[in-house]
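Engineer: Sequence:
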Amino acid sequence: MLKKDFFKGKRITVFGIGLNGGALGAIEFLLQAGAREIIATDIRNREELTPTLEKMKTYKNITYVLGQHRPEDFVNVDMVVKTPGIPWTNEYVRRALEKKIPVETDASLFFQMVKNKIVAVTGTRGKSTTAALIAHILEQSGKSVVRVGINQIGFLSELSQITPESIIVAELSSWRLSSLRKLNWRPDISVVTNFFPDHQNYYKSMDAYARDKQAILEFQTEKDTAVVNFDHETVRNWGEKTRAKKVFFSQQGMPLPEGLSCINGEVVAYQGGVALPLFPLDTPFLLGEHNQANALAGIAVAQTLGIPKDKTAGALKSFRGLPHRFEVVVKKNDITYINDTAATSPEALLAALNTLSTPVVLIAGGTDKNFDVTALAPVLYAKTKAIVLFKGTGTEKLLPLLEKLAQAKGEERLFPVVGSMRDAVTVAEENAEAGDTILLSPGMASFGIFQNEFDRGEQFRTLVC
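Its first residue numbered 92, the sequence shown is counted upward by one per residue in my numbering.
In short, the hints are calculated from the structure, not lab data. Treat each hint with caution, since some may be false.
[Unchecked claim] As a list, the in silico PhoX-like pairs of lysine-lysine whose alpha-carbon atoms are at most 20 Å apart:
{"#": "1", "residue 1": "Lys476", "residue 2": "Lys422"}
{"#": "2", "residue 1": "Lys208", "residue 2": "Lys234"}
{"#": "3", "residue 1": "Lys474", "residue 2": "Lys495"}
{"#": "4", "residue 1": "Lys476", "residue 2": "Lys460"}
Take the sequences, apply the hints, and build the full model.
Structural biologist: Right under this line is the structure:
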């Protein structure tokens, strides 16, 4: 087990400072742990990184290398801590590894320093909501919980909050899981929500993406539990990759060997194939079938940890969801404004549209993540009354498909492309009327116009409130 004094006197490169303070928690921790020098390096320049650098200006013993990366900062150091999204194939990461310099992420360091019970959640969609719901259920039942990775909460910054009684609830991306595989790490309870195409601008293949996701299951033992989505055949089959006890969940009401199913609005527990009704699935602030699946995953974890069913049912009713994930921001002039900026894949966008029964003015588009949008275009065309698109490489692929559909139908429908959130909201409101919903659900990445998807959502919230 790694101890805090390990870092005393060390010279450490933090690779990637980030625009949303992503490395701040790691840098703070390393300095407090006695690191002799932190080399903070980022390809962005000082002006671009101003928001983060302002938060770091009180710290000493930091050497900034901005607008470039220097090879020596990856070989003449004791450790490299990389931003999770930087691939292991990166030339500077490879330089460090070739020189036997350890390369870590915030998550890999964190989990080497804790020995508490761990509930870890991954999946292409729903992992943030599911992890936050699990934490909420546990807290409402009187458990001590430390959240990490959920909705921009850091890892190393939370170490000081941990007590011997704390249960760690972690959201883990495929990128962080790739670093944990190197440790043969395992959680006590793993949760896999689903698996869809994503991050194809990072991974060379879906198999590579899947392999990183599967790391959450790979090293579990018979003493552990794997909570797995039965409705997704791919994920269901991943259950064969773990020795852990498998607990399935099914929003589609499937009979299960072990786990939870939703049947006519009722949560039904299967034990040895025998069905036992528990309670109605009542989640007033979580809308849509995808959130029913997230709720079932959370209930399965609560059951595994022995939480009384009345406590679980009560927590489901009070859980209000997370910002930026199908968040009803405001209703004005009989128009509902929904912030779903965290929908950065076509599947997430479609899930949002399928949840709504009102006419939709959609704000979508942005930067390409190497998705095939051929099948997306006709669904967007059919399920919306108007579409406003952010400029970007993804929009450049989607727009011609939408225009071709309008031409084939003989409709004079326009798809304005804008370069700011202010313009997007203005155009959306010009196309909306009483009873409509203005939905920000981009289905693509935010790069180019926004710092990140959360900046995109915050700008939307500010403008419409």
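Engineer: Now tell me if each hint is right for this structure.
Structural biologist: Going through the hints against the structure:
1. Lys476 - Lys422: Holds, at about 19 Å.
2. Lys208 - Lys234: holds, 12 Å
3. Lys474 - Lys495: holds, 16 Å
4. Lys476 - Lys460: violated, 26 Å
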